[in-house]
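Visitor: These are the residues of each chain, in order.
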Amino acid sequence: MEDLIGIIITIVVVLLFTFVPLGIYYLIGKHFEKTHLEDIRKREAKFLQMSLVPSYVVDSDRQIEAMGLVTGGVVIGSDPFKRYIANLVNLIGGRVSVFETLLDRARREAILRMKERAAALRADEIVNFRMETMSLCSGNDAKPMGIVEVMAYGTAVRYAKEQK
Amino acid sequence: MMKYVPKVIDEEDNYSKESHWWGGIRVFLRVILVVLAVYMFLGIIVDFAVPYIPLSWENALSAPIMSEVNQMGTVSRRYEIAKIQNLLDSLAKLMPKEQQRSFKVVVVDKKETNALALPGGNIVLFSELLNEVQSENELAMILAHELGHFAHRDHLRGLGRSFLFYMFSALLLGGDNATARTFMNSSGILTNTYSRSQEAGADRFALDLIIKKYGHAGGTLDFFRRLAGKETLPELTHYLSTHPASKKRVAALQEIIDEKELAVGEPLPVFWLKGEKSP
Chain R
18 MEDLIGIIIT IVVVLLFTFV PLGIYYLIGK HFEKTHLEDI RKREAKFLQM
68 SLVPSYVVDS DRQIEAMGLV TGGVVIGSDP FKRYIANLVN LIGGRVSVFE
118 TLLDRARREA ILRMKERAAA LRADEIVNFR METMSLCSGN DAKPMGIVEV
168 MAYGTAVRYA KEQK
Chain V
41 MMKYVPKVID EEDNYSKESH WWGGIRVFLR VILVVLAVYM FLGIIVDFAV
91 PYIPLSWENA LSAPIMSEVN QMGTVSRRYE IAKIQNLLDS LAKLMPKEQQ
141 RSFKVVVVDK KETNALALPG GNIVLFSELL NEVQSENELA MILAHELGHF
191 AHRDHLRGLG RSFLFYMFSA LLLGGDNATA RTFMNSSGIL TNTYSRSQEA
241 GADRFALDLI IKKYGHAGGT LDFFRRLAGK ETLPELTHYL STHPASKKRV
291 AALQEIIDEK ELAVGEPLPV FWLKGEKSP
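Listed in order, the protein sequences are those of chains R and V.
First residue of the first sequence: 18, per the working numbering; consecutive thereafter.
First residue of the second sequence: 41, per the working numbering; consecutive thereafter.
None of these hints come from the bench; they were simulated from the model.
Please read these numbers as outputs of a predicted model, since none were measured by experiment.
No incorrect hints appear here.
Derived pair list, reagent style SDA-like, types lysine to any residue, alpha-carbon separation capped at 25 Å:
{"hint": "1", "chain 1": "V", "residue 1": "43", "chain 2": "R", "residue 2": "81"}
{"hint": "2", "chain 1": "V", "residue 1": "47", "chain 2": "R", "residue 2": "141"}
{"hint": "3", "chain 1": "V", "residue 1": "252", "chain 2": "V", "residue 2": "155"}
{"hint": "4", "chain 1": "V", "residue 1": "144", "chain 2": "V", "residue 2": "197"}
{"hint": "5", "chain 1": "V", "residue 1": "47", "chain 2": "R", "residue 2": "57"}
{"hint": "6", "chain 1": "V", "residue 1": "57", "chain 2": "R", "residue 2": "37"}
{"hint": "7", "chain 1": "V", "residue 1": "253", "chain 2": "V", "residue 2": "138"}
{"hint": "8", "chain 1": "V", "residue 1": "57", "chain 2": "V", "residue 2": "71"}
{"hint": "9", "chain 1": "V", "residue 1": "288", "chain 2": "V", "residue 2": "256"}
{"hint": "10", "chain 1": "V", "residue 1": "123", "chain 2": "V", "residue 2": "251"}
{"hint": "11", "chain 1": "V", "residue 1": "43", "chain 2": "R", "residue 2": "134"}
{"hint": "12", "chain 1": "V", "residue 1": "57", "chain 2": "R", "residue 2": "95"}
{"hint": "13", "chain 1": "V", "residue 1": "57", "chain 2": "R", "residue 2": "114"}
{"hint": "14", "chain 1": "R", "residue 1": "47", "chain 2": "V", "residue 2": "68"}
{"hint": "15", "chain 1": "R", "residue 1": "63", "chain 2": "R", "residue 2": "139"}
{"hint": "16", "chain 1": "R", "residue 1": "178", "chain 2": "V", "residue 2": "44"}
{"hint": "17", "chain 1": "V", "residue 1": "288", "chain 2": "R", "residue 2": "26"}
{"hint": "18", "chain 1": "V", "residue 1": "57", "chain 2": "R", "residue 2": "121"}
{"hint": "19", "chain 1": "V", "residue 1": "57", "chain 2": "R", "residue 2": "58"}
{"hint": "20", "chain 1": "R", "residue 1": "47", "chain 2": "R", "residue 2": "153"}
{"hint": "21", "chain 1": "R", "residue 1": "59", "chain 2": "V", "residue 2": "45"}
{"hint": "22", "chain 1": "V", "residue 1": "123", "chain 2": "V", "residue 2": "161"}
{"hint": "23", "chain 1": "V", "residue 1": "57", "chain 2": "R", "residue 2": "40"}
{"hint": "24", "chain 1": "R", "residue 1": "51", "chain 2": "V", "residue 2": "47"}
{"hint": "25", "chain 1": "V", "residue 1": "57", "chain 2": "R", "residue 2": "44"}
{"hint": "26", "chain 1": "R", "residue 1": "63", "chain 2": "V", "residue 2": "53"}
{"hint": "27", "chain 1": "V", "residue 1": "47", "chain 2": "R", "residue 2": "88"}
{"hint": "28", "chain 1": "V", "residue 1": "253", "chain 2": "V", "residue 2": "240"}
{"hint": "29", "chain 1": "V", "residue 1": "43", "chain 2": "R", "residue 2": "133"}
{"hint": "30", "chain 1": "V", "residue 1": "270", "chain 2": "V", "residue 2": "172"}
{"hint": "31", "chain 1": "R", "residue 1": "47", "chain 2": "V", "residue 2": "61"}
{"hint": "32", "chain 1": "V", "residue 1": "133", "chain 2": "V", "residue 2": "239"}
{"hint": "33", "chain 1": "R", "residue 1": "59", "chain 2": "V", "residue 2": "50"}
Excised from the complex, chain V in its bound form (with noise of 0.2 Å):
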C-alpha cells in the first residue's frame, strides 16, 4: 500500500489571474466595438430599406403600437377631433402626389407637450399640446410637422433606431434581461429617437405646407416661441433632447421666413373644444 503523502498545491489554476476589473473593461470595449458595428451596419439597412416598404407592412405595425399608445393616457373626449382631423386632411390633400396617404388623428389625455407620428398614418396629440396651441396655424404648424415626418419617412427610420436603442440600453442595464425589454416596451418606439437634422427637415416640409394652405406665414412660429420662453433648462440638457431646443427652431424657421420673404398674415381663432362655437 503507498502512503499518502499530502502536498500543498498553491498555484490555483482554476481561474484566470487577471484582474477582474481590466478584463470587464477589456469585454466593455469589446462590446462597444460590436454595438458600434451592429449600429453601423443596421443604420445602412434601415436607411436603404426604408423608402422600399409597402404601406401594408407599415399599417400591420399600426394596431400593437396603437394599443401601446392606449396605455400611455386615455383617448381625450375635451376636443372636437373632426375638427382636428379636417385641418389635418386639408394639409395632407396639399402633400406631393405620391406621398398621400389616410392621416388619422389621435387626442390622448396626457401632460406632454409632444406630437407623435407613427407608423399606419396615425399622428397622437398629447392634450397638454392642445391646451397650449392658441392659433388654427399653430396646429397646423405643428400637424405639418408631423406629415413632415411622414413625407421622409422619418417614423419607420423610428422604429430601426428603437431598435438600436434597444441594443444600447440592453448594453447599459448588461445583456438580454427582462429589464431592458420593458425599458424597450415603456419608451423605444414611443420616444422621439429623430435626429436634430431630421426634425429640422420636417419643419421645413411643414412650413411648405403651411405656406400652400395659407399663403402666409403668420402665427405659425407662435408656438413655439412660448415653448421657447418656458424653457428654463441649462442648454447643454438640449444636446441630450432628441428635439432641438425651441429657440434655435423657431430662429432657423425665421431665416426661411425672412430669406423667402413670406408674406405674415394674421393667425385663424381655433375652437375645438366640444360645447364651442365658431363665430
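Just chain R, with the same shape it has in the complex (with noise of 0.2 Å):
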C-alpha cells in the first residue's frame, strides 16, 4: 500500500514537473507557427503568378532575354515540446507529426525566398526547381540539433517583352 502511494505520488511530481514546461514550449511553439503560416498564406498568394516547373523546359515561342540561378535557403528550428514528442515517437514509431507542419513551414518558405529573389531580378517563371533538406548536427558524433535547413533552387527565365 505505502509502495503504491508512493509511485502515485511520485507520478504526479513526475507528471507536473513535466507537463507544465512542455505546455509553455508548446503554446509558444504553437503562437509562432501560427504567425508563421499566415505570413506563408499572404506571400504565396503574391507570387501565385510566378509558374514554378521541376522540368528544364521553357516557353519556345517567347524569347529569352535572360536567365540565371536563384536560390532560397532557410534554417528553422524546433523547439522542446516538438524535441519530447518525437523523441517520444521514437521509442514505440509513428507517424512525428510535430515536424511535419515545421518541415512543411521551412520548405513553403524556402520556395518564397527563392519566388522573392526570382521577382527582384524581374524573372517571368523558375524552371529546373530543385529541393534539399539537411539537418544541422554538432559536436564529435554528430549529434542532431532539431535544426532543419531547406534549400530551394532553380533557374530563373525572363522573356523578352513581346512587340506589338
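From the two separate chains plus the hints, produce the assembled complex.
Guide: So this is what it looks like as C-alpha cells:
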C-alpha cells in the first residue's frame, strides 16, 4: 500500500514537472507557427503568378532575355516540446506529426524566398526547380540539433517583352 | 502552348491537422503503456532469474561497478578496515550455509549516511555513516542488513531495477539520449533502488544474525533511532525515498524484539579509527 502511494505521488510530481514546462513550450511554438503560416499564405498568394516547374522546359514561342540561378534557403529550429514528443514517438514508432508542420513551413518558406529573389530579378518563371533538406548537427558524434535547413534552387527565366 | 493558370491550393495536405498537444498526449500515454508492459515483463524475468544467476557471473559485474564506486569518492584511510572486515566475516559465518560466500568491505569518503550491497559481495560503507556509529552492535546491525540484501539477492534484483529505472528516465528525458545515459551511469546502479518490503526483509534477517552473534538485541536499534531524530523532512517525502522512514523501521524491529521477548544487553564499544587502542 505504501509503495503504491509512493508510486502515485512520484508520478504526479513527475507529470507536473514535465507537462507544465512542455505546455509553455507548446504555447510558444504554436504562436510562432501560427504567425509564420499566416505570413506564408499571404506571400504565396502574392507570388502565385510566377510559375515554378521541376522540368527543364521553357516557353519556346517566346524569346528569352535572361536566365540564371536563383536560390532560397531557410534554417528553421524546433522547440523542446516538438523534440520531446519526437523522442517519444521514436521509442514506439509512428508518424512524427509535430515535425510535419515544421518541415512544411520550411519548404514553403524556402520556395517563397527563391521566388522573391526571382521577382527581384524580374523573372517570369522558374524552371528546373530542385529542393534539398539537411539536418544541422553538432559535436564530434554529429548529434542532430533538431534544426533543419531547406534549400530551394532553380533557373529563373526572363522573357523578352513581346513587340506588338 | 498551354496557358499557365495558377490556382491557390489551400488544402495544405502536407501535414496532419491533429493538434500537436493532444497528439503528444496520445503518444505519451502509448509510451507509458509500452513501458508498463516492459516493466512488468522484466520484473517477472528478474524475479525468476535472480536465484539462478551463478556467483561467477555476479563477480564479473564486480569490477565495473566498483570502478564507479571509486569515482564517488576516495577510499578512506582513517579506519582500520581489518577490524570491520573481521566483524563482517564473523557475521557472514552465521549466515545459512548455502548463502555463505566471501564478502569484502570498502569504506569510501563521502558525506552520506548510507551503505551499499553491490554485486561481487562488496559492501560499501560511506565514512559519514561510520562517523555516526557509536557501538559495535550498531555497525554489526548495518553490516548484517547488507548481508540480508545478499541473502535475498536483492542486489541483483536492484540491477534489474536499475535497468527499469533507466527506461523510466529515458521516458522522462525523452528517448534514448546522452542525458539519460549519464543519468543511468551516475545514479542507476549505485542508488539503493530496493523497495520498502525488501528493506524490511533485510532488517529482519539482520536482527536474526545479531541475536545469533551477541545473544541479545541491545544497541542494534540505536543507530536508526538517532537517524530518526535527525530526520526533519516531512513524512510525505519518505514515500519518494527508497528507504522506509527510520521511525517506522525502528518501530517494526522493536515489535519483533518485544514479540520474541529478546534479551537486551549492553552494546560493545568500538575502536576502529586508526591509532585507537582497544583497552
